[in-house]
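Asker: Sequence:
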Amino acid sequence: IVVGAVASWEDKILLCRRAIEPRKGYWTMPAGYLELNEAAAHGAVRETLEEACAEIAIDALLAVYNIPRISQVQLIYRAKLLSPDCAPGEESEEAALFDWDRIPWDNLAFPSVIWALNHYDEVRDQPVFTARTNALDNAWGEISRD
1 IVVGAVASWE DKILLCRRAI EPRKGYWTMP AGYLELNEAA AHGAVRETLE EACAEIAIDA
61 LLAVYNIPRI SQVQLIYRAK LLSPDCAPGE ESEEAALFDW DRIPWDNLAF PSVIWALNHY
121 DEVRDQPVFT ARTNALDNAW GEISRD
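Sequential numbering from 1 applies to the sequence shown in our numbering.
Please keep in mind that the hints were generated in silico from the structure rather than gathered at the bench.
Glycine residues also receive a C-beta, built at the ideal position from the N, C-alpha and C atoms.
Check each hint, because a few of them may be wrong.
[Stated by the list, open to error] Per label pair, the in silico range of CB-to-CB distance:
id, residue 1, residue 2, range
1, 127, 20, 32 to 42 angstroms
2, 55, 11, 28 to 38 angstroms
3, 71, 125, 28 to 38 angstroms
4, 37, 125, 15 to 25 angstroms
5, 100, 37, 28 to 38 angstroms
6, 10, 53, 15 to 25 angstroms
7, 90, 130, 30 to 40 angstroms
8, 87, 107, 30 to 40 angstroms
9, 37, 71, 19 to 29 angstroms
10, 42, 90, 28 to 38 angstroms
11, 128, 10, 13 to 23 angstroms
I would like the entire structure built from these sequences, with the hints used as guidance.
Answerer: Written out as structure tokens, the structure reads:
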């Protein structure tokens, strides 16, 4: 199980440039594997601290993505940064806040990052929403902005 967060500060989105394979040098949201005996939301908070040296408050479960090709289920949360401070952790080359129109769409690491950002955009101003998921035709991980 992978946990992660689409974290925002005002209208900016936190992204990290990966310092590890797979997809080293590409941008992603803070995310990683859930640890034993760890609650999913706590894992997303931990991954954000480890990868971006940033503290977040979880708002809601944004999405559940099933990716059978790589035997993953991903739980992605919507979160607010507690401050705009961020810095690269051990697994990141860079951590930065992006205006929506400056997100490096062509340099995102994984299809699930694209899905999560698009799902975040759908619900960013909604206080209550239903968690999203990936379409069955995307379960194999094709890169699509839809």
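Asker: If a hint holds in the structure, say so; if it doesn't, say that too.
Answerer: Verification of the supplied hints:
{"no.": "1", "hint": "127 x 20: 32 to 42 angstroms", "in the structure": "holds (36 angstroms)"}
{"no.": "2", "hint": "55 x 11: 28 to 38 angstroms", "in the structure": "violated (19 angstroms)"}
{"no.": "3", "hint": "71 x 125: 28 to 38 angstroms", "in the structure": "holds (35 angstroms)"}
{"no.": "4", "hint": "37 x 125: 15 to 25 angstroms", "in the structure": "violated (35 angstroms)"}
{"no.": "5", "hint": "100 x 37: 28 to 38 angstroms", "in the structure": "holds (36 angstroms)"}
{"no.": "6", "hint": "10 x 53: 15 to 25 angstroms", "in the structure": "holds (19 angstroms)"}
{"no.": "7", "hint": "90 x 130: 30 to 40 angstroms", "in the structure": "holds (35 angstroms)"}
{"no.": "8", "hint": "87 x 107: 30 to 40 angstroms", "in the structure": "violated (20 angstroms)"}
{"no.": "9", "hint": "37 x 71: 19 to 29 angstroms", "in the structure": "holds (21 angstroms)"}
{"no.": "10", "hint": "42 x 90: 28 to 38 angstroms", "in the structure": "violated (19 angstroms)"}
{"no.": "11", "hint": "128 x 10: 13 to 23 angstroms", "in the structure": "holds (21 angstroms)"}
Checked against the numbered hints given earlier, the structure breaks hints 2, 4, 8 and 10 and satisfies all the rest.
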